[in-house]
Each structure stands twice: as C-alpha cells, then as structure tokens.
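Participant: As a plain string of letters, each chain reads:
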Amino acid sequence: MSDTGITAGRLPPDDYARNFADLHPPLDRYEAKVAADRCFFCYDAPCMTACPTTIDIPLFIRQIATGNATGAAKTILDSNIMGAMCARVCPTEQLCEEACVREALEGKPVEIGRLQRHATDALFATGKQLYQAGPSTGFRVAVVGGGPAGLSCAHRLATLGHTVTVFEAQKKLGGLNEYGIAAYKATNEIAQCEVGYILGVGGIEVKTGQALGRDIHLGDLARDYDAVFLGIGLAATNALGIADGGFAGVDDAVDYIAGLRQASDLSALPVGRRVVVIGGGMTAIDIATQVKRLGAEEVTIVYRRGPAEMGASPYEQEVAQTSGVTIRHWAMPKALVGANGRVTGIAFERTALADGKLTGTGETYELACDQLFRAIGQAFVASDLEDSLIELERGRIRVDGAQRTSHPKIWAGGDCVGSGSDLTVVAVEHGKQAALSIDSMLRAATAA
Amino acid sequence: MADLRVDFCGIKAPNPFWLASAPPTDKAYNVVRAFRAGWGGVVWKTLGEAGPPIVNVSGPRYGAIHAGDRRVIGFNNIELITDRPLEVNLQEIKQVKRDWPDRALVVSLMVPCTEDSWKAILRQVEDTEADGVELNFGCPHGMSERGMGAAVGQVPEYVEMVTRWCKQHSRMPVIVKLTPNVADIKGPAAAAKKGGADAVSLINTVNSMMGVDLDAMTPSPATGGYGTHGGMCGPAVKPMALNMVADIARTPHLQGIPISAIGGIETWKDAAEFMAMGAGTVQVCTAAMVYGFKIVEEMKTGLAAFMDEKGYARLDDFVGRAVPKVTDWQYLDLDYAVKAHIDQDLCIKCGRCHISCEDTSHQAISALKDGVRHFEVIEEECVGCNLCAVVCPVEGCITMVPLQPGEVDKRTGRVVGTPINWTQHPNNPMRAAEPAE
Chain B
1 MSDTGITAGR
11 LPPDDYARNF
21 ADLHPPLDRY
31 EAKVAADRCF
41 FCYDAPCMTA
51 CPTTIDIPLF
61 IRQIATGNAT
71 GAAKTILDSN
81 IMGAMCARVC
91 PTEQLCEEAC
101 VREALEGKPV
111 EIGRLQRHAT
121 DALFATGKQL
131 YQAGPSTGFR
141 VAVVGGGPAG
151 LSCAHRLATL
161 GHTVTVFEAQ
171 KKLGGLNEYG
181 IAAYKATNEI
191 AQCEVGYILG
201 VGGIEVKTGQ
211 ALGRDIHLGD
221 LARDYDAVFL
231 GIGLAATNAL
241 GIADGGFAGV
251 DDAVDYIAGL
261 RQASDLSALP
271 VGRRVVVIGG
281 GMTAIDIATQ
291 VKRLGAEEVT
301 IVYRRGPAEM
311 GASPYEQEVA
321 QTSGVTIRHW
331 AMPKALVGAN
341 GRVTGIAFER
351 TALADGKLTG
361 TGETYELACD
371 QLFRAIGQAF
381 VASDLEDSLI
391 ELERGRIRVD
401 GAQRTSHPKI
411 WAGGDCVGSG
421 SDLTVVAVEH
431 GKQAALSIDS
441 MLRAATAA
Chain G
1001 MADLRVDFCG
1011 IKAPNPFWLA
1021 SAPPTDKAYN
1031 VVRAFRAGWG
1041 GVVWKTLGEA
1051 GPPIVNVSGP
1061 RYGAIHAGDR
1071 RVIGFNNIEL
1081 ITDRPLEVNL
1091 QEIKQVKRDW
1101 PDRALVVSLM
1111 VPCTEDSWKA
1121 ILRQVEDTEA
1131 DGVELNFGCP
1141 HGMSERGMGA
1151 AVGQVPEYVE
1161 MVTRWCKQHS
1171 RMPVIVKLTP
1181 NVADIKGPAA
1191 AAKKGGADAV
1201 SLINTVNSMM
1211 GVDLDAMTPS
1221 PATGGYGTHG
1231 GMCGPAVKPM
1241 ALNMVADIAR
1251 TPHLQGIPIS
1261 AIGGIETWKD
1271 AAEFMAMGAG
1281 TVQVCTAAMV
1291 YGFKIVEEMK
1301 TGLAAFMDEK
1311 GYARLDDFVG
1321 RAVPKVTDWQ
1331 YLDLDYAVKA
1341 HIDQDLCIKC
1351 GRCHISCEDT
1361 SHQAISALKD
1371 GVRHFEVIEE
1381 ECVGCNLCAV
1391 VCPVEGCITM
1401 VPLQPGEVDK
1411 RTGRVVGTPI
1421 NWTQHPNNPM
1431 RAAEPAE
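These protein sequences, in sequence, are chains B and G. Residue numbering for the first sequence follows this note's numbering, beginning at 1 and increasing consecutively. Residue numbering for the second sequence follows this note's numbering, beginning at 1001 and increasing consecutively.
Do not take every clue at face value.
Claimed, not checked - Computed cross-link-like contacts, EDC-like style, restricted to lysine to aspartate or glutamate with a CA-CA straight-line distance of at most 16 Å:
id: 1; chain 1: G; residue 1: Lys1269; chain 2: G; residue 2: Asp1247
id: 2; chain 1: G; residue 1: Lys1369; chain 2: B; residue 2: Asp44
id: 3; chain 1: G; residue 1: Lys1349; chain 2: B; residue 2: Glu103
Unchecked claim - Here are the simulated distance ranges between beta carbons:
id: 4; chain 1: B; residue 1: Arg29; chain 2: G; residue 2: Gly1406; range: 55 to 61 Å
id: 5; chain 1: G; residue 1: Glu1381; chain 2: B; residue 2: Leu130; range: 18 to 24 Å
id: 6; chain 1: B; residue 1: Glu189; chain 2: G; residue 2: Asn1243; range: 56 to 62 Å
id: 7; chain 1: B; residue 1: Asp44; chain 2: G; residue 2: Val1032; range: 56 to 62 Å
id: 8; chain 1: B; residue 1: Asp265; chain 2: G; residue 2: Gly1225; range: 27 to 33 Å
id: 9; chain 1: G; residue 1: Val1372; chain 2: B; residue 2: Gly246; range: 28 to 34 Å
id: 10; chain 1: B; residue 1: Glu189; chain 2: G; residue 2: Asp1215; range: 31 to 37 Å
id: 11; chain 1: G; residue 1: Val1372; chain 2: B; residue 2: Asp220; range: 48 to 54 Å
id: 12; chain 1: G; residue 1: Asp1003; chain 2: B; residue 2: Leu23; range: 57 to 63 Å
id: 13; chain 1: B; residue 1: Asp44; chain 2: G; residue 2: Ala1305; range: 38 to 44 Å
Unchecked claim - One-sided and incomplete, this derived list gives chain B residues near chain G with beta-carbon spacing under 7 Å:
id: 14; residue: Asp37
id: 15; residue: Phe40
id: 16; residue: Asp44
id: 17; residue: Met48
id: 18; residue: Ala104
id: 19; residue: Leu130
id: 20; residue: Tyr131
id: 21; residue: Trp330
id: 22; residue: Leu358
Rather than coming from a laboratory, the hints here were simulated on the basis of the structure. As the structure is a computational prediction, the values presented were derived from the model and not from experiment. Ideal Cβ placement from N, Cα and C applies to all residues, glycine included.
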C-alpha cells in the first residue's frame, strides 16, 4: 500500500464506495418536515434575494412542509431548471443559507440546499415531466455549449416555443456538472438524470462532439439561426508560470477530475502517494479531496495567499481539511524537482504582502511529491470565436444585463462572460435571462 | 420551600396535581404507578352501573392535532366510560385507597338519570372509603346518546336534580364535572351549586372532529369507514377552559365554589395560571397520556420554585389572585394606549411583523430605511393591536410600550391620562349619565 509513485488501487475495494458517497446524504421525509418547519416564511425573504436565480424559497419550503414535494420542485425549477444540481453544488453557506434569518437568530440557517434536493429528488422519483415545449414560433436558436448556461437557455427557449439545437464539444451534456464537480457531490448519475429531465421538455435537438471553431463556426451559426447563445465555458487551464521540466506526474486538475467523473471503476485510477496541489479555488479543493479519498497518503494544497483570499469558501476548505488534506498558505511555486523524468518534489518561496502587493520573501522550502496538480484557474479561449464577431472584456465575452453580446444575434452566459462568477447557479441564471431576451427580441421582430 | 398541600372541599392531598378521570386512571396498576410518580390525587375513570360491561370500539379511539415536529397540541377520544366490571373497579379502589391514604382518590360516576341508580352506586363507592365522587356530566360522545354525560350536563335542571340526589344519598364530597359544550358555562355551574355541589370541575372535552382523510373521504380517525365526533382536550383547549374557569370564579353568585380546573394543563405554569384564576386543584390527562406520569415532577418543582420566588408560602396565597382583574370589555380603559416597539438589536429582519401589519392591520410597520431592509413601527399608524408581537419569532423583540399620562398618542393626537371606559364614552349612545362603576 505504500508504493511510491502513481499507482491505482491504493485502497481496499469497499473504501471507494464509502469515500465517494454523498457528501450530504438526502433528508428523509421526517427530516425534511422538521427542517421545513424551521422556515419563518419571511416577507421579501432574504434567502430569495441572495439566490442568483431568485427561487421562491419560502414557498417551496412551505410546500414541502405541507406534503406537496412535487409542487415544491415546480417552484424551484420554474426559477432554476438545474435546481437538482444547484442543491448539491451551490455554496449555500455564502448564498441563501447565509442570508437566512435563522443564521442571525441562532447561527443555524434553515437547510435550504438539502430541502431543495429533497423536493427535486422527489420529483425525479415520480418521473413526472412538468414542462412541455411551447407552441412553435418557427424560430431556430443555436445554443453552443451544453453546460448549465446552455441547457438553462435551451430549456427556457423550448418552453417559449423556439426550436433549439444544442452543440456540445464533449460526448455528454452537462458541462462541469458532468465533468467538473466533485464526484461525492453528484452521486447516482444525478447530472445526467437532470440533463434527461431538461431535454424531456421536447423541442431541443442535441449535437455532441461539435466544438466551436473546429466543427462549427460562429459566423455560420449567426447566419443560419435566428439567434445564437454561447455558453462555452473556459476551455483552457492556466499554466504554473515555472518550467515544468517535462516531468511525468505533473497533471492538470481539471482533466483529472473529468477522468474521475467518467471512470466506471475508481480503483483503476492511478494516484500518487504524496500529492501537491497548487491553487486556492474550488478545483484545488475538489482535486485534493478526491485524490485523498482515492488513497493518496499525503495531500497538500499550497496557495500563494491567505485563507480569506481563497476562491474556495471556508466550508469547502473545511471539507478538504476534514478529509485529511493539509492546506498551506503564503507560498508560491519556484521550481520543480525531478528524477528519471518524474516529478519528485517542488520548491516554494514564501510570500507576503508588501504595500498590498504579493511578493516573495526569498525564503524557500521544498515539498516532496510524486504527483503534482495544477489548479490555478481556467482561461477563456478566444480563438474558438474565430472572426471576432463579438467584443471581449478582460479576456472573456462582454455582455450587457440581458446577456447580449456586441453582436445583435449573439447572446452569451456562464463562465465565458466577463461578469461570470464561475458558479453553476449564476450560469443557469445567465442562460435563463438570455432566453428571455432572445424571446422578446424574436417576438418584437415578428410584430414589427 | 413552598407548601403544596391542598384541602379541596374537605379532600386532602399532598399537592394539587391530580389525574383526571380518563384512561390513565382506569385501573389500580396505572393509579399506583401515578402515585409512585408523585401525583397528589386521581379521579378514577368513570364507573357505570352494574351489568353487562361497556363495549368500546376496537378501531382507533384517539385522534390528534400535531404541531411542528409531531408535538401533540390537540387530542380527542371516543373512548367510553370504564369497560371493566364494576366489582373489579370497586375492589381495586378500596385497595388503592388503603395503600395510599395520603392521596386524594375521587371516583367519577355516570349512571342513568334515576334516583335509584345514583343511590345504589353511591353506596357502593362509599364502601371503598374513597374521598369523594365526581359526577361525569360532560362526556360528549357515546354515553350522551344514552341520556348520560353531556346529555345531563347540558340541561341545568338535570344537573341540579342529580347533584341533589347525590348529596342526599352520600356523605362524600360531590364534585360536578361540567361540559364546555354549552352556550354559557354559568348556567350548569349555578345548577350544580344550587343542587348542593361541594365543588365543580371543568372542562370536560370539547365536541370535535380532528380531520378528514382526503384519500378515503372519511372523518379521521375512522372506524370501519365511518367517523364520529369525539371529545377534544390538550393544550389547544386551554384558553377555552381558562375562560370558563374565570367566568365561574368572577361571577358573584357562583363565587366561593371550589374549582378543580381541567383543560390542556401540561406544565407547572399552566397549572399556576388556572390557580391564579381561582382553581384549587388541577386535573391533568392529555399530558400524562402523551409523556407519562413523570411530568408531575416538573410540575411540582416548577410550581414550588415559582411560589418561593414570589413569596407565596401556601397555594391559598395566590389562588384566585388574578380573578379581580377579569372584567367585561365595556369596563376596559379606552384611554390606555400602547405602541409596538421593535428592538433593533434583537430583530433578525424576517419581516413577518411588516407583512402581517401590511396585509392584516394598519400598515404601521415600514420595511425599508434609506433603501435598506429595516423594520420600524410608524407610531402615527400603530393601534397597539399586538399582532406584530404575536407573529415575531424572536421572543422579547417586539414589546408593547404603554404611553404614559401626558404623552400624546401620535395616531389620535390625544393626550393620554384620562381613563374612560365604554359605559362613559361619548360615542356610546347607551351610556349612563353617571359612570356605571
């Protein structure tokens, strides 16, 4: 079990299932009722205001309390068609649950996320489809990217009667819900279950394996469709900024997580004995926690700033720490160390703030590792857009409040836009708002 | 340490906490367990006349209203009087009284409305050396259809007649148990007093239907597809019971009759409230059925702690203390004014006060201040109704602050400080030339 190097099957077979079980097990009916009873049904509820998709939280909780879980699910999905995944991946402690007045009262908010999951699970269990495509308008809209933004946009457009084609570069729809989120947050194929539910509305054609700039082209789409929505996410990952020396064992966290999510047998995934993760966001947490749960003996996240500056919330940091991950702050990578073509360690320089600016202190230390993950953020790949039909801003697509790009027929949302916050729930809202904007533009054109 | 002993119309007990006539007092086994747990007395579950035993339904006897987390706040039953043979009950009563001489043991009775029936059973009860009898004129289901229970209790003439028989044919104290299923509790209470009752106990259960099964489309609970009304008790009936107790305690021609209060008593505080309203003892049923006999320990220690804190050495020191403060609406001071006040440090900004005032009352609580969520009372609109304080989830956050004499009520523009009631009010066309009090 203490093999050095990157090895599969570090754990006894049963441990994998246990380590990758639901992070938050579902509430049973009694627990849900007790949790729902705690909601005060606030006026102009702060939780609702805090939700990027403005779900009517007090209403859905009251519906759960009165035994109408399907009605509760409809309340959720009417505002957020990806309510099932958002219930699992939203940083609720920074959104609805932080705003919950019970947080102010007793430091223990209503468990909104888990209640939302309870309602959406209950709906999926019935197999009942609540939505149908609207009466056909004859308009055709191309949605590029089948992640949260794209699917949200496609679903809303379909209910409004538009014919939608979703182009997805990967084999499966779902985007980061399918390829990026930590496995213990998306158990039981929930991402695909949700995709299936969304497509169940009808009127949405799906074309997978279609990458923008390779198989399809923005200029063609803008010409051939009545409107285009871009929900193409961030296709590239940032580089370390130091020479990687060509060592084996230096991997990209995003790629590894995607592989993990698609793996049918977790024990077949090779993982190092001593793993170092560079980064401070959700991806850093997710890769570190998951490789620890795959059997890595020592996992260390190294972040160049302090805990408060980490992109991952304090709660997520705690998830990593309670899984056995060490988080070290105030150090930046200086040089990789390797032997026989494999990484064996990494040297860091300690950092500090000088006049508000992060600088190296000159003091260094080295961590031994046999696997190193880069998790230092993702980047938008503008070249996929080709003809620069649309304007960018800070390296991402510029949109207005209605998700309109600078091109009159092109909308965009999710992580690829400048206003993106890299949250699933925000991407869903972008897609929804874009659909409403596209719809009113198309209808206005008809009326004119 | 406060003295909890009682002497209730001659019946002595170590404390005022008695178990009401009900399933927990149906047999020696339960009563002995109750006495071991510390109950001051019991009213043995109602005995009927000798003959074929009572037959109960074998379907559900009980139904309930649950609050959040399944707390039982309302409870009803369709159980009849004891279904055990009279002889067995009498033997057990005799034995229990012999074994527990310091505890009150009162026997509840219900027999047909003939003098001979009552005479016969009274003699048998007397032989057990029980401390007294309680006449069950309240049971609202089953027995009332046979001319007993509430069928007697709802007719003051019958109440008086049967009470008189019992006093004539027994040396035991007679407590008359009253049904709340009447328009005015004072009628049957006066009849009991006139018949010579030593005390009244109230309330018996309230006619009720607990719910409807929306799948089966039957009342809930149901017996073989049909349901019937039952008698309701538990915390939800306490306010109704308290009002009826107060009604008897404050009515001049009823004053002085000992009252054993029943109705939703779960804690020492419930008991103390009934006692402040004139009850000499309290009887408990639902709470014991839901939580078991151990609750009496909380009741005894809580009541004693309250009395010690207030300096009441004996129960008589505070029994009835609140009665003089009960009056009719027409005598309330219409000059007295309160304004709601929201403690901003305690406020959690749920907005329930705002929306309840906005949708129900007087639009007297604002929701925004300088564009920020903030709830504040608009004194110019506040009528002091108390709704905001009722709906506020934070205890003590919203208080009703009385205006002091000389202060101006910003809503009416009037200066407070000249008491006036409705009998004196200029808007009252019926007002007396001179104040009525």
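Participant: If a hint holds in the structure, say so; if it doesn't, say that too.
Facilitator: Status of the hints after comparison with the structure:
| no. | hint | verdict |
| --- | --- | --- |
| 1 | G:Lys1269 <-> G:Asp1247 | violated, 20 Å |
| 2 | G:Lys1369 <-> B:Asp44 | holds, 15 Å |
| 3 | G:Lys1349 <-> B:Glu103 | holds, 11 Å |
| 4 | B:Arg29 <-> G:Gly1406: 55 to 61 Å | holds, 59 Å |
| 5 | G:Glu1381 <-> B:Leu130: 18 to 24 Å | violated, 43 Å |
| 6 | B:Glu189 <-> G:Asn1243: 56 to 62 Å | holds, 60 Å |
| 7 | B:Asp44 <-> G:Val1032: 56 to 62 Å | holds, 58 Å |
| 8 | B:Asp265 <-> G:Gly1225: 27 to 33 Å | violated, 56 Å |
| 9 | G:Val1372 <-> B:Gly246: 28 to 34 Å | violated, 57 Å |
| 10 | B:Glu189 <-> G:Asp1215: 31 to 37 Å | holds, 33 Å |
| 11 | G:Val1372 <-> B:Asp220: 48 to 54 Å | holds, 50 Å |
| 12 | G:Asp1003 <-> B:Leu23: 57 to 63 Å | holds, 59 Å |
| 13 | B:Asp44 <-> G:Ala1305: 38 to 44 Å | holds, 43 Å |
| 14 | Asp37 | holds, 4 Å |
| 15 | Phe40 | holds, 5 Å |
| 16 | Asp44 | holds, 6 Å |
| 17 | Met48 | violated, 11 Å |
| 18 | Ala104 | holds, 4 Å |
| 19 | Leu130 | violated, 22 Å |
| 20 | Tyr131 | violated, 27 Å |
| 21 | Trp330 | violated, 37 Å |
| 22 | Leu358 | violated, 35 Å |
The earlier numbered hints that this structure contradicts are 1, 5, 8, 9, 17, 19, 20, 21, 22.
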